[in-house]
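The hints should help you fit chain B onto chain A, whose structure is shown.
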Amino acid sequence: MIGGLFIYNHKGEVLISRVYRDDIGRNAVDAFRVNVIHARQQVRSPVTNIARTSFFHVKRSNIWLAAVTKQNVNAAMVFEFLYKMCDVMAAYFGKISEENIKNNFVLIYELLDEILDFGYPQNSETGALKTFITQQGIKSQVLTKEEQSQITSQVTGQIGWRREGIKYRRNELFLDVLESVNLLMSPQGQVLSAHVSGRVVMKSYLSGMPECKFGMNDKIVIEKQGKGTADETSKSGKQSIAIDDCTFHQCVRLSKFDSERSISFIPPDGEFELMRYRTTKDIILPFRVIPLVREVGRTKLEVKVVIKSNFKPSLLAQKIEVRIPTPLNTSGVQVICMKGKAKYKASENAIVWKIKRMAGMKESQISAEIELLPTNDKKKWARPPISMNFEVPFAPSGLKVRYLKVFEPKLNYSDHDVIKWVRYIGRSGIYETRC
Amino acid sequence: MTDSKYFTTTKKGEIFELKAELNSDKKEKKKEAVKKVIASMTVGKDVSALFPDVVNCMQTDNLELKKLVYLYLMNYAKSQPDMAIMAVNTFVKDCEDPNPLIRALAVRTMGCIRVDKITEYLCEPLRKCLKDEDPYVRKTAAVCVAKLHDINAQLVEDQGFLDTLKDLISDSNPMVVANAVAALSEIAESHPSSNLLDLNPQSINKLLTALNECTEWGQIFILDCLANYTPKDDREAQSICERVTPRLSHANSAVVLSAVKVLMKFMEMLSKDLDYYGTLLKKLAPPLVTLLSAEPELQYVALRNINLIVQKRPEILKHEMKVFFVKYNDPIYVKLEKLDIMIRLASQANIAQVLAELKEYATEVDVDFVRKAVRAIGRCAIKVEQSAERCVSTLLDLIQTKVNYVVQEAIVVIKDIFRKYPNKYESVIATLCENLDSLDEPEARAAMIWIVGEYAERIDNADELLESFLEGFHDESTQVQLQLLTAIVKLFLKKPTETQELVQQVLSLATQIGDPSFGAPPAAAVPARLGAPISSGLSDLFDLTSGVGTLSGSYVAPKAVWLPAMKAKGLEISGTFTRQVGSISMDLQLTNKALQVMTDFAIQFNRNSFGLAPAAPLQVHAPLSPNQTVETSLPLNTVGSVMKMEPLNNLQVAVKNNIDVFYFSTLYPLHILFVEDGKMDRQMFLATWKDIPNENEAQFQIRDCALNAETVSSKLQSSNIFTIAKRNVEGQDMLYQSLKLTNGIWVLAELRIQPGNTSFMLSLKCRAPEVSQHVYQAYETILKN
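In order, the protein sequences belong to chains A and B.
Numbers 1 to 435, taken from the working numbering, label the letters of the first sequence in order.
Numbers 1 to 785, taken from the working numbering, label the letters of the second sequence in order.
These are computed hints drawn from the structure, not numbers from a lab.
Predicted model, so just to flag it, every value in this text is computed and none were measured.
Check each hint, because a few of them may be wrong.
Restraint ranges, calculated between C-beta atoms of paired labels, are given here [as the list claims (entries may be wrong)]:
hint	chain 1	residue 1	chain 2	residue 2	range
1	A	Lys281	B	Arg458	48 to 54 Å
2	A	Asn49	B	Ser347	31 to 37 Å
3	A	Lys319	B	Asn728	42 to 48 Å
4	B	Ser347	A	Val191	20 to 26 Å
Keeping only pairs whose Cα atoms sit at most 27 Å apart, straight-line, the calculated DSSO-like set for lysine-lysine is [unchecked claim]:
hint	chain 1	residue 1	chain 2	residue 2
5	A	Lys281	B	Lys318
6	A	Lys219	B	Lys283
7	B	Lys327	A	Lys343
8	B	Lys383	B	Lys372
9	B	Lys93	B	Lys26
10	A	Lys319	B	Lys327
11	B	Lys322	A	Lys308
12	A	Lys95	B	Lys35
13	B	Lys283	A	Lys308
14	B	Lys265	A	Lys70
15	B	Lys726	B	Lys312
16	B	Lys27	A	Lys145
17	B	Lys327	A	Lys354
18	A	Lys300	B	Lys402
19	A	Lys400	B	Lys282
20	B	Lys359	A	Lys304
21	B	Lys35	A	Lys84
22	B	Lys679	B	Lys690
23	A	Lys70	A	Lys256
24	A	Lys356	A	Lys304
25	B	Lys359	A	Lys300
26	A	Lys219	B	Lys593
27	A	Lys145	B	Lys93
28	B	Lys740	B	Lys644
29	B	Lys206	B	Lys232
30	B	Lys282	B	Lys322
31	A	Lys339	A	Lys312
32	A	Lys95	B	Lys67
33	A	Lys130	B	Lys726
34	A	Lys281	B	Lys282
35	A	Lys304	A	Lys339
36	A	Lys308	A	Lys354
37	B	Lys283	A	Lys256
38	B	Lys359	B	Lys383
39	B	Lys45	A	Lys11
40	B	Lys283	A	Lys400
Glycine included, each C-beta is placed from N, C-alpha and C at the ideal position.
Next comes chain A alone, as it looks inside the complex (with noise of 0.2 Å):
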């Protein structure tokens, strides 16, 4: 298990240093700093070993997170801690700073004694933390008996993701569906790999203990359904989509969605990620990028770019941007396009095309003449993809909520008066076109 957990600055100065375990000494903060932070060359691995030591780390802007052990750990657990780290602290004072972090010193050395005990990762769920573990001291001490073991009983519970007697005047839920599509096309246009990773992200502001079910179109769930009435089958088989595979918050039922396909749960109070999932089939590809690179002798190169956007004309794209990389011996380039605005950035190698809103089903054009000092340098450029960034106001996966119906037996609030909001937004992930 976990012997030991330090955080350092960029400056390899150690913040938090807490040791678990007998076999993990000072030497060990140290050996890290020394092989690691101050390391002459770029770190290859986040797992170092150091003289019969594994050291994992992670890093948060300039803040280094890692844990040591002599032991053979589970190393998935220990970076899924490590993140987990990341998120209770975050969610106690925000960014992840050494500002914040030496302001906090005492609270997170509250934290990881609690949610690590002699390295074994405990309760880490910040709704349940934050019941006895607070900025303000410490609150159990004028805590009644009774609400003592209520946090206690959480904290070990069933659903230690929410504590009892949460009263809302107004009902409310959101649901987001985010999704990255990502995408690797050749230059002759043939998709290479796509796919979609998205995330069903809840805010919940409900009473009480509500018992949640969500549904989507999943191909599997529709046509499950769908045996009794052939008519409904053929209109809703097409809009329904195959799900790759999925993930969920801990607060779902895993052994009912594996047995019945259906998504209950009672949710988290405040925001959560409910799920996430990937596609890779019937993908829409918002925007397809058509290359066209020319060498004109051994210091110019002629570029041409064309892209398109490919979903309902009703619907607006917007921050679209196209980076376009150029060779290293550049010395000027010259652009035109028909529409935004596209400037060479020297220092980031790359032409960047800047387009505020674009409607479905158009075209768009930038040509670029780029100048290259001669080199003798044998290397070739290696043409680094041309990638895109953009956000659409749909699920490029196809996929669409069914409903989200919320039960809560001892309160008296039906499904009708929550008031449910949702929205789906599509960005892009990596989205490149090989040139």
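For chain B alone, kept in the frame of chain A given last:
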């Protein structure tokens, strides 16, 4: 309110000031002071001098202050054991506190204080806490048993805590169950024999129930524990699998990976004809692919695991090649792992796509990555025969880029392709030769020289090319020198008339590399330094396979030339070592290449590491006439005088005949010294293994050996390496072996064999660690022949 100010106290007399503040009457001031102490402790300052003052602050009802004091105690109690006793009373009292959070805090902290006297006092409160009415206290107490066991295992057993811990597996609260499982698993690890985690269908059922209800971390503890269980039949295995599969949709990647581990293991027990088997296989791929969209560090861990999974069951991911394609912004560690998996998944069906990708990668920036990509192209050629031609043309394209390290790497892999598919792609040699001058890495130079030597008859100016390398012969690395030597000899055999001069030149150059400190006559120095590799290089040329598989089952190396005729006025000696039923002998073949008759042979050994000496005079009965060869066997014993040699298995030999005395030296394989009674008793083995310090342990990897555990055992046994025990851990076979050398040195070995993986891990422990390297070489030789 900010706490960062506590980090900035660096003035003199700080400790003194803190002392005063700690003893202040005002609560706030006290707390401030403790915070400063903790801050100093964090940055590594020694604040142990404040121990009594800090401990005095412990008696407080302010929980925040109490936690800070506990933190201090955990750090310094060990350095001040006597004073730590002062804290005991408060701990004991806190364990009785009405507030469960305080009870748990006390028992949690007490377990972290590694002072014997405190440990004694811990037992009673711990016993109570294990049966506490509050689950929060019980789950903390469960972990505390593991802590106590780490400090004093005997005490935990004497006090019966292990039984209480076992009872907690049936606790009503899932988190208590999870922590109890974690604690028991850890304790069980240090007592491999004790049947502590006595898993049976009933307790497994309890674990599976808790699995649905506990925290994500608890699920990991339980799944990792399940992975160590062996179901009694396939039906049980299937029912566990069915209940574990829902975990594959968990948001926590570690839960998913642990579930995959359990499923991979239990699948072994399922019959392949079962419908369920197929369903399960299909269910495994999507979650593994999803892991690749996790954060980069987790992707790395997932990829390392996937690498093992595709070796075991390539069918799971065979259609998912695309997800392992490298993205431009992947961190380098992710890129390198992906590349490995791509090669493993490459097949005839997807090779075109893979090659197109690899070609892209070969133009990237990171040198390591590019090199690996080029190597990968070579491996594809060797793996998928149909693709070889395409690979070669891709490699040629890459050579045209003239990027120095790409060219060198490409030449190294083309050499391998030539070896695998001889006489197929020689048309490219001309292109390769054009790049001769740009090669500066030994491996690439050696590869190029090999190619020139191998295809000397097709290269018009082969002699010129090789000669060009000779100029800087002394500056080359050994690898290149050896290759050059072999290549020129090959050339000589193919075109004897034109190249005689070249051969003489290289041989004379090679003989000049004597290490003067070696103390051997200069003529013998060449084989001494270059002995073994030269002969192996030459065995490419001469058919010297006579000795294999004769006599006993023990491996006998083919005879190698020890003393070339040029060095010994026409006498050529080649030989090898054998061991059969307890006796060692040296089999020699003497050839007379001179023009006069040779008589009066005699042999003598220099002192050597294991006291090897001739047990009888050299028997060459009749005089040896020109162009005649005689074979003889010289029995050896190990009672000669001993002197440590460098390398250890070096043997210097002098042979006399009527013409002169000749010296040469040779390396003998260590396995001729492995005695027949090298089988150690099991108990003795365990004790000895523990007894030998860890520094003496040496680890080696035996690559490209596709034998299973049984064959390995029997092969090794015939060379007197005895398998004492065999164990199966997580699908790997672990063989525990022993052997004894003629001088009584024992060597203990642990050989880890993974089905489907052709690399074995060999760990050797020995009181004389310098023999390990040679024992490993003996393993290599025995297993690969």
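For each hint, the structure was consulted:
1. A:Lys281 x B:Arg458: 48 to 54 Å: 53 Å, holds
2. A:Asn49 x B:Ser347: 31 to 37 Å: Cβ of asparagine 49 of chain A to Cβ of serine 347 of chain B: about 34 Å, so the range 31 to 37 Å holds.
3. A:Lys319 x B:Asn728: 42 to 48 Å: At roughly 56 Å between Cβ atoms, asparagine 728 of chain B and lysine 319 of chain A fall outside 42 to 48 Å, so the hint is violated.
4. B:Ser347 x A:Val191: 20 to 26 Å: 21 Å, holds
5. A:Lys281 x B:Lys318: 18 Å, holds
6. A:Lys219 x B:Lys283: 17 Å, holds
7. B:Lys327 x A:Lys343: 26 Å, holds
8. B:Lys383 x B:Lys372: OK: lysine 383 of chain B and lysine 372 of chain B at ~16 Å, within 27 Å.
9. B:Lys93 x B:Lys26: 24 Å, holds
10. A:Lys319 x B:Lys327: Holds, at about 23 Å.
11. B:Lys322 x A:Lys308: 25 Å, holds
12. A:Lys95 x B:Lys35: At roughly 23 Å apart (the allowed maximum being 27 Å), lysine 35 of chain B and lysine 95 of chain A satisfy the hint.
13. B:Lys283 x A:Lys308: 37 Å, violated
14. B:Lys265 x A:Lys70: Status holds; Cα separation ~26 Å.
15. B:Lys726 x B:Lys312: 20 Å, holds
16. B:Lys27 x A:Lys145: 25 Å, holds
17. B:Lys327 x A:Lys354: 23 Å, holds
18. A:Lys300 x B:Lys402: 21 Å, holds
19. A:Lys400 x B:Lys282: This hinted pair holds, its Cα atoms lying about 26 Å apart.
20. B:Lys359 x A:Lys304: 24 Å, holds
21. B:Lys35 x A:Lys84: 26 Å, holds
22. B:Lys679 x B:Lys690: Within the cut-off at roughly 17 Å; holds.
23. A:Lys70 x A:Lys256: Status violated; Cα separation ~39 Å.
24. A:Lys356 x A:Lys304: 20 Å, holds
25. B:Lys359 x A:Lys300: The given pair, whose Cα atoms are some 25 Å apart, holds under the 27 Å limit.
26. A:Lys219 x B:Lys593: 84 Å, violated
27. A:Lys145 x B:Lys93: Given pair lysine 145 of chain A, lysine 93 of chain B holds - Cα atoms ~18 Å apart, limit 27 Å.
28. B:Lys740 x B:Lys644: Judged against 27 Å, a Cα distance of about 18 Å means the pair holds.
29. B:Lys206 x B:Lys232: Distance of about 17 Å is within 27 Å: holds.
30. B:Lys282 x B:Lys322: Distance of about 17 Å is within 27 Å: holds.
31. A:Lys339 x A:Lys312: 20 Å, holds
32. A:Lys95 x B:Lys67: Cα-Cα ~25 Å, so holds.
33. A:Lys130 x B:Lys726: 51 Å, violated
34. A:Lys281 x B:Lys282: Given pair lysine 281 of chain A, lysine 282 of chain B holds - Cα atoms ~17 Å apart, limit 27 Å.
35. A:Lys304 x A:Lys339: 14 Å, holds
36. A:Lys308 x A:Lys354: 14 Å, holds
37. B:Lys283 x A:Lys256: 16 Å, holds
38. B:Lys359 x B:Lys383: 17 Å, holds
39. B:Lys45 x A:Lys11: Cα-Cα ~18 Å, so holds.
40. B:Lys283 x A:Lys400: 24 Å, holds
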